[in-house]
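Given the coordinates of chain A, work out where chains B and C should sit on it, guided by the hints.
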Amino acid sequence: MEQASYIAAQVINGLQLGAVYALIALGYTMVYGILRLINFAHGDIFMLGAFVAYFLISRFGMPLYLVFFATMAVTALSGYLMEKIAYKPLRNAPRISLLITAVGVSLFLEYFCSLRSIFTPDYIGFPRPFEMETYNFSPGGFEFSFTNVQALIFAITFSALVLLYLLVYRTKQGRAMRAVSYDQETAALMGINIDNTVSLTFMVGAALAGMGGVLYGIAYPQINVFMGIMPGIKSFIAAVLGGIGIIHGAVIGGLIVGVSEVIVSAFLSSTYRDGVIFVILLIVLLVKPSGIFGKRSDKV
Amino acid sequence: MRFFLESKKLMLLALGIYVILRLSFSFDIVSEYIEQITIYVFIVILAATGLNVIYGYTGQFSLGHAAFYGIGAYTSAYLAKTSGLENFLFFPAMILAGGLMAALVAYIIGIPILRLRDDFLGIATLGFGILVRVFLDNSDRISETLGGSRGFTGIARLTNLEIAFFVTVFLLLVTRNFISSRYGLFWRCIKEDETASASIGIDTARMKLMAFVYGCFLAGVAGALYAHLYTFLHPSNFDFLRSIDFLIIVILGGMGNIAGTIYAGLLWVGFIEGLRIVLPANIVDLRWVFIPLLLIVLMMWRPYGLMTKKKG
Amino acid sequence: MTTILEVDRLMKSFGGVKAVDGISFHVDPGEALGIIGPNGAGKTTVFNLITRFYTPDSGDIRFMGKSVTHLPPYRLARLGIGRTFQNLRLFKELTVLENITSAYLSGHRYSPFAGIFRTGRHSSVENNAQVKAWVLIEFLGLAGREHTKAGSLPYGEQRRLELARALAIEPQLLLIDEPGAGMNPREIQDLVTTLREAKKRFSLTIVMIEHQMGLVMNISDRILVMDFGEKIMEGTPAEVKKDRRVIEAYLGEEGPA
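Residue numbers (our numbering), protein chains in the order written: chain A, 266 to 565; chain B, 428 to 739; chain C, 13 to 269.
Think of the hints as simulated: they come from the structure by calculation, not from any bench. These numbers come from a predicted model, not from an experiment. Worth double-checking, as some hints may not be accurate.
[Claimed, not checked] Here are the computed lysine-lysine pairs in the DSS-like style, where the Cα-Cα straight-line distance is at most 30 Å:
{"#": "1", "chain 1": "C", "residue 1": "LYS30", "chain 2": "C", "residue 2": "LYS243"}
{"#": "2", "chain 1": "C", "residue 1": "LYS253", "chain 2": "A", "residue 2": "LYS560"}
{"#": "3", "chain 1": "A", "residue 1": "LYS353", "chain 2": "C", "residue 2": "LYS104"}
{"#": "4", "chain 1": "C", "residue 1": "LYS78", "chain 2": "C", "residue 2": "LYS212"}
{"#": "5", "chain 1": "C", "residue 1": "LYS253", "chain 2": "C", "residue 2": "LYS211"}
{"#": "6", "chain 1": "C", "residue 1": "LYS161", "chain 2": "C", "residue 2": "LYS104"}
{"#": "7", "chain 1": "C", "residue 1": "LYS243", "chain 2": "B", "residue 2": "LYS436"}
{"#": "8", "chain 1": "C", "residue 1": "LYS243", "chain 2": "C", "residue 2": "LYS144"}
{"#": "9", "chain 1": "C", "residue 1": "LYS78", "chain 2": "C", "residue 2": "LYS211"}
{"#": "10", "chain 1": "B", "residue 1": "LYS435", "chain 2": "C", "residue 2": "LYS161"}
{"#": "11", "chain 1": "C", "residue 1": "LYS243", "chain 2": "C", "residue 2": "LYS253"}
{"#": "12", "chain 1": "C", "residue 1": "LYS254", "chain 2": "C", "residue 2": "LYS30"}
{"#": "13", "chain 1": "A", "residue 1": "LYS553", "chain 2": "C", "residue 2": "LYS30"}
{"#": "14", "chain 1": "A", "residue 1": "LYS353", "chain 2": "A", "residue 2": "LYS437"}
{"#": "15", "chain 1": "C", "residue 1": "LYS144", "chain 2": "C", "residue 2": "LYS212"}
[As the list claims (entries may be wrong)] Stretches of chain C that chain B covers, calculated by requiring three or more beta carbons in the stretch to come under 8 Å of a beta carbon on chain B:
{"#": "16", "stretch": "105-115"}
{"#": "17", "stretch": "228-238"}
We put the CB at the ideal spot given by N, CA and C, even for glycine.
Isolated chain A (complex conformation) (with noise of 0.2 Å):
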């Protein structure tokens, strides 16, 4: 019994960063849909909206509820001049320089925030913004506890998601959204507006990421301007997992990245974490490459 309490305790902390990871993944998937770009500085603004909500509250004081919609206008707007400056020049060019200038953002938006002068190179301790409470139940003796911390990251998740399923499905940006993801040019010649539809799509990406940069601070109060890489880079993996350019795979991936890190954590050692990432999406891939939830396509 207390093994399997020990082991529900891991998932759930698993699944807190996966949720994480979910939120990035989002962005991931939306961006890689509609551009087919792997845009590489979108852990940056995950970063980002972690050092701006840092800013808020220590500064400031600034009460949270606020603090996330401040954040995600501040990320969203980076997002957007990222787009517009950035990419944008470059969308009839080989994807592969729009993928060199992605690591090109990311690098220096890391660079440029370890400038003292801007924020810092070291690690800095994120500000509480509320006591963390611990809730424990024992159904029938199997214990199990979570924080007040990881309700609020599922909340938030949960209705990041359904708020993205309804304005990609139920309203007419969505619409254009997937019909530019679908087939481009065939979109431009429907009078869908391409580069607003590429802006709206970086832009809510990017606010996703700014949220989940918040939670993360949070979570795991030590902030720093390279945190974005890792998570970056592995909730693009989540997306892949889940099938790209899907909503709900890039959040069930982000889940099994999060939950597999955190039990291989617990159960190995901290230092296989980022390992065991790389074995589930290499069975993945080679069973289903176009991800769990992916369709299959078979054309000659």
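Relative to the frame of chain A, chains B and C by itself:
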């Protein structure tokens, strides 16, 4: 041998470059730091050429090239150290061992993953790069010598101008001939259209694997030279960003262009290291703010590489 | 040996739709078989099944008496089955010469070692490749274009290059998918001459999918009519032209040529 005679002009050029470098090294015209960077340029060119074979010629997107560079580096350094043959006489064998180990791993990993295409192959190789990094971080559990996340220290400095230069020139010539042979032709066919390649009798799976294994062999050899140049290895030397470094050189030089890779390798390393020398100490930290900006501008200016104005 | 190709109750469906529904036919050596039928009748799918770009759900394919159903596409090409594609699949960034030599060299080997160190074996094979390529370049009227990138050739020449590439594997059986697509009557006339000559000169057996009646009726010894993945009739061009089912299913739409 025909192999050398066919490239008489190139051989003369190479010898000329060697003599100039040797003289400036011997008469201390350049600092030891510059000497080291010069040798490093050859190493980077060799590894990037490997990626060019894999990606530029055959069209197999790899975001994990540095992993094979690392495998070569660790293998040769470890073999040299533990066999007690850490000397100039056996160094070529150690270099070869580094290359062969990288090739072997590429062969084993290539059989399953090379079925993937484009970004999916990219992400799988990226994942493999992370796996190698995790392995190197934990390598001290296998042997203390490997050093794990503390790094592999105390490697003998066996890489000098001669060996780096002649190994690189030799392998570049080998690569050039390989590419102009039927194999290189098949690689280019596969990059263009895999279905059509199969329809004319090209064993695409085998040819893709061959390009991948050969490209990784070059990376492994380069890694072996690197290990014995800097005498210290750390897992972070072989991570995702290093893979991107090689990719940048291939793109700037132009896909499927060996000469381009040579120029771009020289420019890229020269620029990054040059900034370190040129910039005053108080703003040297700004280097990594400028470099990505330059990269972004370069990509906008010449999206098909420095030497190609536009496609065609 | 009586037949060169035997297709036996071949089946293939995509997501529940039967694209090829138990078709059987055979091709004799030296023969030219034309396959006609309305769009979506499953003609190209038959080609893709024979060359194994699609895996058949069931049925058997025998080439020169041996079952080849399980072989990968490149092995079939090496055995002597060449093909062209409905929507041209040239190596666009490669030159005309390279497009042709690559096909010849896939069946004429030398080791990587020989390639790297330029041994005698390397030069003799490479020389043969050049000779063979020149024969085909001249035969298909591509002389003067040998160093042009395939992608920058005009459409008609691209079609001819694809034929040259398929011939460079020295096939016994050539599967041609709509060679006349997008060609004007004059070009069609040239194509008929070329195909006839190629057949004689390289002792080819030809299976051709074609919509242009003038072309297909002119070249084929026998014609197979497909509709809904099935063979609806088979016969000489004269018989086919007269058949009521064919006229209804196919010729009726476009009018006899």
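Taking the hints in turn, this is what the structure says about them:
1. At most 30 Å may separate the alpha-carbon atoms for a hinted pair to count; LYS30 of chain C and LYS243 of chain C meet this at roughly 13 Å.
2. Of the supplied pair hints, the one linking LYS253 of chain C and LYS560 of chain A is violated, its CA atoms being roughly 44 Å apart against a limit of 30 Å.
3. With a C-alpha separation of about 28 Å, the suggested pair LYS353 of chain A and LYS104 of chain C falls inside the 30 Å cut-off, and the hint holds.
4. A threshold of 30 Å between alpha carbons decides the hint, and for LYS78 of chain C with LYS212 of chain C the separation of about 25 Å falls inside it, so the pair holds.
5. Annotation: proposed proximity of LYS253 of chain C to LYS211 of chain C holds, straight-line Cα distance about 24 Å (limit 30 Å).
6. Taking the CA atoms of LYS161 of chain C and LYS104 of chain C, the gap is about 6 Å. The hint holds against a cut of 30 Å.
7. Using a Cα cut-off of 30 Å, the hinted pair LYS243 of chain C and LYS436 of chain B is violated, with the two alpha carbons roughly 64 Å apart.
8. Taken as a hint, the LYS243 of chain C and LYS144 of chain C pair is broken in the structure, with Cα atoms around 38 Å apart against an allowance of 30 Å.
9. Restraint check: the Cα-Cα separation between LYS78 of chain C and LYS211 of chain C comes to about 23 Å, which is no more than 30 Å; the hinted pair holds.
10. With a CA separation close to 29 Å, the supplied pair LYS435 of chain B and LYS161 of chain C stays within the 30 Å bound.
11. For the given pair, LYS243 of chain C sits about 16 Å from LYS253 of chain C by alpha-carbon distance, which is consistent with the 30 Å threshold.
12. With a C-alpha separation of about 28 Å, the suggested pairing of LYS254 of chain C with LYS30 of chain C holds against the 30 Å cut-off.
13. Proximity of LYS553 of chain A to LYS30 of chain C is assessed by CA-CA distance (about 24 Å); at most 30 Å being required, the pair is judged to hold.
14. Using a Cα cut-off of 30 Å, the hinted pair LYS353 of chain A and LYS437 of chain A holds, with the two alpha carbons roughly 23 Å apart.
15. Restraint check for LYS144 of chain C and LYS212 of chain C: the C-alpha separation of about 17 Å stays at or below 30 Å, so the hint holds.
16. Counting residues of the stretch 105-115 of chain C whose CB lies closer than 8 Å to any CB of chain B gives 6, which reaches the minimum of 3, so the coverage claim holds.
17. Coverage of the stretch 228-238 of chain C by chain B is violated in this model, with 0 residues showing a Cβ closer than 8 Å to a Cβ of that chain against a need of three.
In summary, the structure is inconsistent with hints 2, 7, 8 and 17 from the numbered list given earlier, while agreeing with the others.
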